[in-house]
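These protein sequence lines map, in sequence, to chains S and U. Counting in the numbering used here, the first sequence runs from 9 upward without gaps. Counting in the numbering used here, the second sequence runs from 217 upward without gaps.
Calculated directly from the structure, the hints in this document are not laboratory data. Predicted model, so just to flag it, every value in this text is computed and none were measured. Any given hint could turn out to be false.
Calculated lysine-lysine pairs in the DSSO-like style (CA-CA distance at most 30 Å, straight line) [said to hold, decoys possible]:
id	chain 1	residue 1	chain 2	residue 2
1	U	Lys241	U	Lys253
2	S	Lys111	U	Lys253
3	U	Lys255	U	Lys240
4	U	Lys255	U	Lys241
5	S	Lys111	U	Lys255
6	U	Lys241	S	Lys111
7	U	Lys240	U	Lys253
8	S	Lys82	U	Lys255
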Amino acid sequence: MSTTRDTFGIVLTALALIAMMVSIYLVFMYVPTEVTMGEVQKIFYFHVPSAWLAFFAFFLVFVFSIIYLIRRDKRWDTLAASSAEIGVLFCTLVLVTGPIWAKLVWGVWWTWDARLTLTLVLWLIYVAYIMLRHYMSDPERRATFSAVLGIIGFIDVPMVYFSIRWWRTQHPQPVVSGGEGSGLEGPMLMTLMVCLSTFTLLFFSILRYRLRLQALRDELDELQDLVEHGE
Amino acid sequence: MTWMFAAYAIIWFAVFLYLFDMGKKQRAIAQELEGLKAKLARGESN
């Protein structure tokens with residue numbers, strides 16, 4: 009089943025690539041340069057979507073983990089594990105692009121400010137989630153333990169999001185829906201929305217590949233079992 | 217500008233590295249799967 013050509017996956021990837029080219033054009037050619045920070049502010053157009061995608065992926069882990077614990081159906085566990093892996097990828101991108109931006113604007117790569125520290129904690133939680141899955145061999149126990157971690161770990165996501173409102177931090181205040189004085193100029197907002205859509209397309213494209221890989225792995229495990237035990 | 221390019225390059229490098237790694241794993245599993253299927257077919261015919 010899984011070895012056949014995945015037309016929908018190919019179309020999705022092609023769309024993500026086209027959208028990515030449009031995003032790059034908008035970021036480098038179309039959108040005006042921000043007055044205070046200059047060119048480096050353009051990191052924002054990929055830094056923010058990466059953060060949103062990481063949050064979205066961890067939200068999916070949370071939802072799929074709850075469904076798994078209720079239904080005990082392996083498919084939900086697979087979906088949660090795949091989302092966690094992609095979430096870690098995007099969270100890593102946030103933790104890499106953030107310090108590059110910080111170094112040029114704040115003069116330091118890193119500061120133990122609430123937003124930054126909680127984001128690092130978030131990354132560590134889901135790296136632990138992946139490690140837990142890697143080291144537990146019993147599939148039932150692995151799925152249950154990781155579902156519990158996926159649910160508890162999600163608590164950090166709203167904390168990361170609201171940290172800049174709850175505490176005084178060095179991290180900038182929200183630029184969209186951040187209250188009085190916040191907001192983006194039309195072209196900047198449009199570019200951000202295009203980049204957000206592009207990253208969302210990319211997320212689903214990667215998720216599809218990841219699920220396909222898991223389906224192949226499961227098929228292989230079943231066949232190996234059949235060859236070894238003849239059942 | 218250099219740092220901005222570095223940030224963008226890191227993003228694309230990481231995403232494509234992840235996709236490439238998945239593709240490699242998928243090919244390896246598919247190959248192993250074919251081998252096992254052939255092994256099973258031979259076992260059944262004997």
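Check: Straight-line Cα separation of Lys111/S and Lys255/U no greater than 30 Å?
Finding: violated (57 Å)
- Query: Under the criterion that the straight-line Cα-Cα distance not exceed 30 Å, is the pair Lys82/S, Lys255/U satisfied?
  - Reply: holds (28 Å)
Quiz item: Taking only the CA atoms, is the gap from Lys241/U to Lys111/S under or equal to 30 Å?
Solution: violated (37 Å)
_Given the hinted pair Lys240/U and Lys253/U, is their Cα-Cα distance within 30 Å?_
Roughly 20 Å between the alpha carbons, so the hint for Lys240/U and Lys253/U holds.
Pairwise hint evaluation, Lys253/U against Lys111/S, where the allowed Cα distance is 30 Å at most: Cα-Cα ~54 Å, so violated.
Has the given pair, Lys255/U with Lys240/U, been kept, meaning a C-alpha gap of at most 30 Å? holds (23 Å)
Straight-line Cα separation of Lys241/U and Lys253/U no greater than 30 Å?
Given pair Lys241/U, Lys253/U holds - Cα atoms ~18 Å apart, limit 30 Å.
Q.
Hinted pair, alpha-carbon criterion (30 Å max): Lys255/U, Lys241/U. Please report holds or violated.
A. Holds, at about 21 Å.
Checked against the numbered hints above, the structure violates hints 2, 5, 6; every other hint is satisfied.
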